[in-house]
Amino acid sequence: MQRCTQSFSIWRDGAPVAFVAGQLIDDKHPILKTHRHLFEEPQATHPGATPLRAVEQTTAEPGTVRTLTPPAVDSGPFNPGEHNAKEVLAYLDTASEAEALRVLDVEAAADSPRAGITKLREKALADARARDEQASAE
37 MQRCTQSFSI WRDGAPVAFV AGQLIDDKHP ILKTHRHLFE EPQATHPGAT PLRAVEQTTA
97 EPGTVRTLTP PAVDSGPFNP GEHNAKEVLA YLDTASEAEA LRVLDVEAAA DSPRAGITKL
157 REKALADARA RDEQASAE
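Numbering-wise, the sequence shown is residues 37 to 174 according to the working numbering.
Just to be clear, a hint being listed does not mean it is correct.
As the list claims (entries may be wrong) - The calculated label-pair distances, taken between Cβ atoms and stated as ranges, are:
#  : residue 1 : residue 2 : range
1  : THR105    : GLU169    : 37 to 43 angstroms
2  : THR41     : THR86     : 29 to 35 angstroms
3  : LYS64     : PRO87     : 38 to 44 angstroms
4  : GLU123    : ALA96     : 38 to 44 angstroms
5  : LEU88     : THR41     : 33 to 39 angstroms
6  : GLU92     : PRO149    : 44 to 50 angstroms
7  : ALA108    : LEU88     : 32 to 38 angstroms
8  : VAL91     : LEU125    : 53 to 59 angstroms
9  : GLU92     : PRO52     : 55 to 61 angstroms
10 : GLU169    : ALA146    : 25 to 31 angstroms
Derived by calculation from the structure, the hints in this document are not laboratory data. All residues carry an ideal CB built from backbone N, CA and C; glycine is no exception.
Given only the sequences and the hints, what does the whole structure look like? Please build it.
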């Protein structure tokens, strides 16, 4: 096999014949008699060794049904100290009056209560009260 090093065209038997750079031809092709200088032996290239990825260790034999354990759900009460002010206010927008009162009391008792939450205490409680009344009316 020979590889064309640059594109060119010739007229052969009254028809144009084009050769493209990188094109491979057989060693017995007639163009090599007149244009051998435009061809060379192709170089074999091998990609480098690809590193093997780690394989996950199996936890059950083939065909054995596995049970998946869902992540543990934190069922404890909402702690405003573990959330930013935006998340606390969003929680208060959905909480009942009793829950809103509890969360606001926890926030007020904190070492450094956030003014953005404490100044909205009365509004948050009134909104929660209205939600409770609407829910009980339905």
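Verification of the hints:
Checked against the given bound of 37 to 43 angstroms, the beta carbons of THR105 and GLU169, roughly 41 angstroms apart, stay inside it. Hint check: THR41 to THR86, Cβ distance near 30 angstroms, so the stated range 29 to 35 angstroms holds. Between LYS64 and PRO87, the C-beta spacing of about 42 angstroms keeps the proposed range 38 to 44 angstroms intact. The hint said 38 to 44 angstroms for the Cβ distance between GLU123 and ALA96, and at roughly 39 angstroms that hint holds.
For LEU88 and THR41, the hinted distance range of 33 to 39 angstroms is satisfied, since their beta carbons lie about 37 angstroms from each other. In this structure the supplied range 44 to 50 angstroms holds for GLU92 paired with PRO149, their Cβ-Cβ distance being about 47 angstroms. For ALA108 paired with LEU88, a C-beta distance near 34 angstroms keeps the hint of 32 to 38 angstroms intact. Between VAL91 and LEU125 the Cβ separation comes to about 47 angstroms, which falls outside the hinted range of 53 to 59 angstroms.
Distance hint for GLU92 and PRO52: a CB-CB separation of about 58 angstroms, consistent with the stated range 55 to 61 angstroms. The supplied range of 25 to 31 angstroms is met by GLU169 and ALA146, whose beta-carbon atoms lie about 29 angstroms from each other.
Violated hints amount to a single one, hint 8; each of the other numbered hints is respected by the structure.
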